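Q: One-letter residues, chain by chain:
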Amino acid sequence: MIPFRQKAAILLVLSLLLVSPDIGLALSESEVSESLLCFACPGEPLSIDRCGGGDQMPAAISRMLGEGKSKEEILQYFVGEFGEEILTIPPKRGFNLVAYIGPFAVLLLGVAVAFLLIRKWSSAGTHADRGADGTASPPPLGDADRRRVEEALSNFHEED
Amino acid sequence: MVTFGTLSQFAALAFSLLTMACLLLGVMRDDGRWVQAGRRCLVSVAACATLASIALGYLFLSNNFQVEYVASYSDRALPLFYKLTAFWAGQKGSLLFWAWVLSLFSALVVYNNRRDPDSRLTPYVYLVLGGTLSFFLFLLCVVSSPFDLLDFVPKDGQGLNPMLQNPGMVFHPPTLFLGYIGFTVPFAYAIAAMTTGTTDASWIKKTRAWNVLSWIFLTVGIILGGQWAYVELGWGGYWAWDPVENASFIPWLASTAFIHTAIIQERRGIMKVWNMALILLTFLLCIFGTYLVRSGVLQSVHDFGATGLGGYFLAFLAIATIGGVYLLAESYRQFKTPNALESYLSRESTFLFNNVILLALAFATLLGTVFPFLSEAITGNKVTVGQPFFNQVNTPLFLVLIAITGVCPLIGWRKASPENLRKNFLRPALFALAAAVVLFASGIRMSYALLSFTLCAFVAGTILQEFVLAVLSRKAVTGEASWTAAPRLLWRMRRRYGGHLVHLGLVLVVVGITGSSAFKLEAQGTLSKGESLAIGEYELKYENFRKYEKLNRTIYAATLGVFTDGARIGSLDAERRYYVNARQPTTEVSLRSTLKEDLYVTMPGISRNGDITLKVAVNPLLVWIWIGGGLMVLGGILAIIPKRRRETP
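Chains as they are written, first to last, in our numbering: chain A, 1 to 160; chain B, 1001 to 1649.
Hints listed in this document are in silico derivations from the structure and should not be mistaken for laboratory results.
Small disclaimer: the values here were computed from a predicted structure and weren't measured.
Be aware that one or more of the hints could be misleading.
[Claimed, not checked] The calculated lysine-lysine pairs, modelled on DSS-like cross-linking and capped at a C-alpha distance of 30 Å, are:
no., chain 1, residue 1, chain 2, residue 2
1, B, Lys-1382, B, Lys-1423
2, A, Lys-120, B, Lys-1643
3, A, Lys-69, B, Lys-1382
4, A, Lys-120, B, Lys-1596
5, A, Lys-92, A, Lys-120
6, B, Lys-1596, B, Lys-1541
7, B, Lys-1205, B, Lys-1336
8, B, Lys-1529, B, Lys-1547
9, B, Lys-1529, A, Lys-120
10, B, Lys-1541, B, Lys-1529
11, B, Lys-1520, B, Lys-1541
12, B, Lys-1423, B, Lys-1520
13, A, Lys-69, B, Lys-1520
14, A, Lys-92, B, Lys-1550
15, B, Lys-1643, B, Lys-1475
16, B, Lys-1155, B, Lys-1596
17, B, Lys-1541, B, Lys-1205
18, B, Lys-1547, B, Lys-1155
19, B, Lys-1529, B, Lys-1550
20, A, Lys-71, A, Lys-92
21, B, Lys-1475, A, Lys-92
22, A, Lys-71, B, Lys-1520
23, A, Lys-71, B, Lys-1382
[Unchecked claim] Computed Cβ-Cβ distance ranges for the label pairs, DEER-style:
no., chain 1, residue 1, chain 2, residue 2, range
24, B, Leu-1084, A, Phe-115, 50 to 56 Å
25, A, Glu-84, B, Lys-1529, 17 to 23 Å
26, A, Glu-85, B, Gly-1269, 30 to 36 Å
27, A, Leu-109, B, Gly-1269, 23 to 29 Å
28, B, Tyr-1332, A, Tyr-77, 53 to 59 Å
29, A, Val-79, B, Gly-1310, 47 to 53 Å
30, B, Pro-1154, A, Ser-70, 51 to 57 Å
31, B, Glu-1537, A, Arg-63, 24 to 30 Å
A virtual CB, placed ideally from N, CA and C, is assigned to each residue, including glycine.
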């Protein structure tokens, strides 16, 4: 019989193995345009452009896609024309890294604080097997008792 | 009627200030008569705000274009329905709507407490409600009144933005506002609990329905907004991480965190300080959301009616933040609960981790939303933070959230045993693994999509298993048949299964988002009559073109035959509309929606010789976003249906 922890680990490894790298698909116009703003409407992504003023940009993207250029090459072309303000995604450098790293730093900090709090609050380690009055926890239930408890619990009105 | 509306507004402001004065005197002198007077003043605010709202509605219906707000958002040709809903199309009307609904909610709180007039909490609750009302009514009376008059009487109004003439947009803003406004009530109770040192969970129990109902309204508002963007904006998506969209999503995340830990306080009497902090945060984010929507401070697709109220909102936010944090610090020792959690493996702990992830998501979204400002203030460079950034940062966080959504409800309170974990999670984990294998075998290779679908299968598996086991258990005890036991169990334990339905709805939403973003197909082409455009398994044939008038617009429509495998399965009308008083034509979306996928067509161009330019997309599984959203709302409603005193088991 494989212990439960090992089963869980095997399941996890198998799941991760299934997650293979993406296979490159043909680049579409919208995949490029979602990274660009409409030059005619400040702040409006080209992908949801409503003014029609940016019509030349999709045409240029289509032309460059036809020439076999990559997304990065096309974006570089527009950065050369209009500056970095034309991008909807800040370049990963300098102060912009705060936006990329900040959320994950907060997540890690939050998880660490949560772990420390639970550790501090819990009686695990020092009082793990002791009740509130400091006495040892009761012995495990037998099968018959367990069935009775489960039946009683099925009637119990648990709200959440 | 203009004078009547203005006077009603001023009367509402006067009553709200009186409410505060009476209640302050009441609590300072410990005199119930002043509290009683304050309560009556609060109800009077509702009456006056209602009269002001009726007045504005009447001005729209009677085409009174001397009123600047009416002239800006209506015209003679506007259909009656949209004339009424133009009420909240701009900033001034939205403010009146805010004040009106909050005054009605306040009156409802007074009514709910009619049998408990001497409660220690209620004077402070009314005081906070009165204070918030005074702020909005002050803005209406002094800064931005919807009853302001023009110096002349225009022959016609400027009309409502054509994009707002959509049923989704009619209900989207008010439902979002209802959500924002609703959270004022639990905020008021939290402030009252901190002020009076009420350390038990009574304020949480009293405000549970308000919390969940406000959350439901926010959810409905967000879903309707997404649906509106999908069918109206014509870019093929439903969520652009626009600042105003984010403004509704951030409080939704914070309130979701609060709803979870409020359960812990109810059940275990712990995490009191944390809950106070969360509801404070939720309320502040709601005010911040209103500020973003109507201040015009950020460039957004929602720039329909923005003027500069930023300073006032920021001042109110500062006062609420400083006051809330001060009270929290003052009452910290009273509310602190030592040695609250017993194990890492307990429902309380998983709820805490769920909170961490939800708040990290809220932080990521908030940071991305305000980053252009931050960047400009610190580096002098105003960068743009758009959809790809949010997708990149938030998607991993979302996947963790989905995983923990499956784990939380099945871990026992206090301390879970390895046996409990094995019993609850082995089958869902195997189910998820089987789903992953099937998906991989069927050709899905995109890592995020595969991981997302697998996690969805895991969560769905945990919910399904839990429900089936509970039904079997009930059958064993009561002897009922499955079809009787299942609905009775669902009804009897509606709070629990309402929550599960919300989670199941979330799973469906994630399935829809994953399918439609990972496997979307797009095509574009210019067609002459009789020509076809192919996309996926569909072929669209340009069959006919016509021009006609309807209500306040001229419509140019191309009829497209839809074919699969050479067989005609239907037709779509792609339209461009020219609205009266609109400067530009609008492109209407034509949609063929099935459970499997949406065929999405827009017509961005019509040439003089009758050729049409089509943009076509196939969005797999997209309809599940709306179905899942509906299920989330249904689950929320189920969870707050109160129990009758004597209810059959």
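Q: So which of those numbered hints doesn't the model satisfy?
A: Hints 1, 2, 4, 5, 9, 12, 14, 16, 17, 21, 25, 26 and 29 contradicted; others consistent.
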